[in-house]
Amino acid sequence: MRQALEGSQAIARAVALCRPQVIAAYPITPQTHIVENIAKLVADGKLVCEYVSVESEFSAASVVLGAAVAGSRTYTASASQGILLMSEVLFNIAGNRVPIVMTCANRAVGAPLSIWNDQQDSMAVRDAGWIQLYCADNQEAVDTTIQAYRIAERTELPVMVCVDGFTLTHTLEPIDMPSQEQVDAFLPPYHFARTLDPMKPISLGTLVSPDFYPEARHSHHQALLNAAAEIVAADADWCALTGRSQGSLVQVEGDADASVAILTLGSVIGTLADAREMHPELGPVKLIRLRAFRPFPTETLLQACAGVTDLVVLERALSPGGGGIVGAEVKAALFDMPNPPRVHNFAVGLGGRDVPLDIYPRLLQTVRSQSPRPFAVFDVDLDKLPAEDR
Amino acid sequence: MNMHTHTPIPIADLRRSQPRFQGIESGHRACLGCGEALAARLVTEAAGPDVMIANATGCLEIFTTPWPESSWRLPWMHSLFENTGAIAAGMEAALKAQGKSTKVLAFGGDGGTFDIGFQSLSGMLERGHNVLYVCYDNEAYMNTGIQRSSSTPHAAMTTTSPVGRDRMGKRHLKKDILSIIASHHIPFAASASVAYPSDIRKKVRRAMEIEGPTFLLIHSPCPLGWGHDGALSIEVARLAVQTGLFPLIELERGELIGTMPLRQPRPVTDYLRLQQRFSHLFKDDSRAREELEHLQALAERNIEYYGLKGNHDDPCDSEGADTVRRGGQRWA
Amino acid sequence: MTELTRGAFAHPGTSLAFKTGSWRVQLPIHQHRPAPCHNACPAGEDAQAYLGLLATGQAQQAWEAIVRANPLPAITGRVCHHPCESACNRGQYDEAIGIHGVERFLGDEAIRLGWAYPVSQPAADARKVAVVGAGPAGLSAAYHMLRAGYRVSLFDSLPEAGGTCRMAIPPYRLPRNVLDAEVGRLLATGIDFRAQQQLGRDMSLNELRQDFGSVFLAPGTQKNREWSIDGAVPRDLHVGLDLLKEWMTVGSMIQATSVAIIGGGNTAVDMARVLKRCGVPQVHIITHEALPAAGIPAEDAMRAIPREIAQAQEEGVVIHPHRGILRLILRGERVVGVEMAHMKKLRRPDGRVERVVFEGTETVMHVDQVIPAIGQQVDDTGMAELLHRLPFFSPDPQGALPGHPGVFVGGDARPDRGSVSAAVGDGRRGALAMDRFQRGMAAEAEVAVAEVGFEQLNLNYFESAPRSEAPILPPEQRRGQEEIEGSLEPNQARQEAERCLSCGNCFACDNCWTLCPDSAVLKTTEQAADGSHYVFDYDYCKGCGLCAKECPCGYISMQDEA
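Chains as they are written, first to last, in the numbering used here: chain W, 1 to 390; chain U, 1001 to 1332; chain R, 2001 to 2562.
There may be inaccurate statements among the hints.
[Unchecked claim] Here are the simulated DSS-like cross-link-like pairs (lysine-lysine), alpha carbons at most 30 Å apart as the crow flies:
#: 1; chain 1: U; residue 1: Lys1202; chain 2: R; residue 2: Lys2345
#: 2; chain 1: R; residue 1: Lys2019; chain 2: W; residue 2: Lys200
#: 3; chain 1: U; residue 1: Lys1202; chain 2: R; residue 2: Lys2549
#: 4; chain 1: W; residue 1: Lys200; chain 2: R; residue 2: Lys2523
#: 5; chain 1: R; residue 1: Lys2549; chain 2: U; residue 2: Lys1283
#: 6; chain 1: U; residue 1: Lys1174; chain 2: R; residue 2: Lys2549
#: 7; chain 1: W; residue 1: Lys200; chain 2: U; residue 2: Lys1100
It should be emphasised that the hints constitute simulated quantities derived from the structure, not laboratory data.
So that you can see chain W by itself, here it is in the shape it has in the complex (with noise of 0.2 Å):
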């Protein structure tokens, strides 16, 4: 049924759909309507839930690891500083190899303090071992949360599933929410291999030693790029329940022989297609989101990158000294192309600058301009910069 929702309060209703026992929740903007709309749909008796309002988001993510190892689904939301805060359970949940489905409302991560979007926060524990699902729209955060349950209780993988703060968790969309019905024959019930159960006791987090611990790594990392067939799987089951279709690993729009492509994850990817309908002189541009970050879609990127002589690779988030984070992957995954396209890579909309449709011109005017540099923050203004800041 469609009917217009804000991103967090529909966000809020996929999860509820999805039958959790245990949800934590800790505030944090731009996150905390999510768990606000919860917190009213357990008071109203619409979600019946344990519904745990921890003291940080420390704990938040604990809670939800414990309580899923103790064999229930569960639930959780954060972003920014808390992200960075539970990073060392992100660490433990996934090495673990514990499903478990949570929000990331992309925020920048302070110092300077921020509360606007920017993707540093998911960026930063992209090391963690979950899968990393960027979402364009609200109803897209809907229908991945959703599939999130399935891909997480399938893989033994955690998903963290990141929507831009405020621009999505702020905004309201027309959503298609899908029935309780849908959802119960897309999602079994909770079911991990290795609940803790006294009639069948076993230890979880061991002491590994150096003779087995690279074997762990090995395996983890394995997990994660078989898991890219099950988040491919899921996508086509949920289109085939509801039609609707998110993209799977890569989504491509746009002329398949451009051979200027532009690459970006999250919302952006909606002002680059307005910009594009608004400027089709600029010649055939192909847009590509990787919905997938972890695991990184390479097969899929190369494929979309053929014929591709110059990749915009437009990005949310930097790594301080090295350059683009986003940028260095996609590198990395072209290197052994016969002929990689010139990756031209940028940050942009950094801390919640506005990214404004004219940046689609400015963009194609630079590449067909300037041979690529390495890394840039795109709109930044260097006149607001002391001359030793620069």
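Use these hints to put chains U and R onto chain W, whose structure you have.
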């Protein structure tokens, strides 16, 4: 007449038919005479098989689970150092949502409870989760090699509170964790000691019966960290109680409702002199003498504050004492 | 090849694969050692063992444990000086266990309930042995030989068995009916008792040696030691022991106003108390020894049992310790007084003991009777060739008489004896030695085993509890022959048994089982080979020593790992 020939009773069968529940098996890597290993064994014995355990990083976790081996015969998880209260809360919420009666236990050392794990413990208590939190107090970060925690007693030597020209061991006092726990007004909190195993079992069973958060602080000597022979662990623990330095108290909703009385409080020196970590207090040094006085004053303050001085006819004395009886009929 | 599990989880109890026993440098062993009461008992009773049985309500088995060593508990439970209680470790904690009272209680119960001695009839063709003297040593030897399967003939010059118990211990210490019952039951086990047979008069030693495989001599000390003061002896001299015997058998006593008894042993004390009962107004004991007390060395103390001395004093006997008689003051040939001085036995540098009189301390005491009770020696009638005019025999510790194979000696006839319990012990040891001799085996010395000392116990696990005391007649009621000391009630005896710390013997308190951090002590319902109810699992025991340290009774020792 020495007899250490093996008896004709097959040991493996005997091990399986012991008249007590074995939550922790032999073969764990604890040091000789480890107080924490004993305490955990007593706690799981009294708690029984229908439990689920969240265990902090620390000695207990390390020496019981070197993959592929585990000493635990109970469902058990180790996550991190500082989140045991939260893991346990999550387990409890899940079991509650599933309608199961399995009791959740949280195990942590003093480091993981008084310091880094304090926040998640406080949150768990405040939210009223039905969890028994047991803190095995060996008074330092022992697993990492004997560093000072907020539970380390005043004047004790650790690697981060060493003795030297300018220092006489730990400057600060032992954190009064039970007063902080008391402020959470939980149904039941108590201190216990491995020197009084029946008392531990009684307190564990009490906590198991309660629906709601409970907390147990068990004094667990560490021969390596405290500097004494493993064979003396019980003696040292007993003296800690009998000097008044580690009072055994019970709190309900923050109010003191019971203590183990001391018939004849022992001077603190009886306790301190057995341990290398206090050996600097027995040198001929005015600072050392002053510290001994200080520790004695702290003990006396405990005795006064908690009303610990019992007398021979006090009926409570017998319950507290671990009198042995022919045939093993301990009172708990 | 071990395969990594998903998430590196581990299966329960798999740590059993790691045998931490390999860490040990020392290991715990169960070691039964005698309790001090056992080592101290002259008869060799294991008090800890029978107290343990009584504590679990097994009174008959407790009595049976006693009579495995001592067949006369109803007697020793009245007249023994109970060195077991002096040695009892509990005495250093609160109060020693009332072992003596428990033994008496059990002895009396056995008589009352007719518990059978654990002996069976010997085979008709079993070898025969002879025992001369039916006092406690002879009765004990006869009993133990019967237990060992021999046919035993027991000879005594008197009409009834009992020896010193019958002749020299007053009824208010040892009632006649108790003596008769105990001795009667013992003889009824199958001992061939031949009364009124005197060695030398009715049979000779050689005849005995020929007719029997071996002979145990327990003749006691029937001859008074020579006594005189400066060569003077009163015309109406009565020797203490003779007077005592006469009073006990016939009931008559000399008349006197004031009596001085010379000597510090049981006979002197008994004599003094009997005189008091017979109405003698003033009774004095003069002895160069000291009153027994803490700090008084044993060789300086009066030989009499301390409680008998105390009771005598309660009854009005005046004791003059560290005194000796210099001179009898005679009027004609009757004594009217004695001159006394302070006197002590001092040890000289060459090791000899010498009686020293202290000049300037002389006093005169008016008495009309002086009764020596200075001790006895062996009457060698029929045994002269064994004794060579010495006052006592000199057998080896087991009782064998060197140079006379097949002849054994025990009881007061040995030097350094003088108690019923020591005599009983001699009878048992002699019987063991005789048995070995009969079977052609070499003699075997009893090996002394180090006992459990107080410091090997862990008293933290016991609670102080007062000692039960049996009732005692107040001095003003001690007139005739009624027994002065009463018995413990059954619940009191049981309570005393429960106070026993069980030194050196496991009483299944569960401490080791409860306190092992490695679950390496396992409990069994069957008895383990070493007699305890616990088994060490040496596969996992790390040798930390907690079990040994916390064992309340010192049953566990740590030994170096080989």
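Going through the hints against the structure:
1. U:Lys1202 - R:Lys2345: Since the Cα atoms of Lys1202 (chain U) and Lys2345 (chain R) sit roughly 63 Å apart, the hinted pair is violated (cutoff 30 Å).
2. R:Lys2019 - W:Lys200: Answer holds: Lys2019 (chain R) to Lys200 (chain W) is near 24 Å, not above 30 Å.
3. U:Lys1202 - R:Lys2549: The hint holds at about 24 Å.
4. W:Lys200 - R:Lys2523: holds, 26 Å
5. R:Lys2549 - U:Lys1283: holds, 28 Å
6. U:Lys1174 - R:Lys2549: holds, 29 Å
7. W:Lys200 - U:Lys1100: holds, 15 Å
Going through the hint list in order, the structure does not satisfy hint 1, though it satisfies all others.
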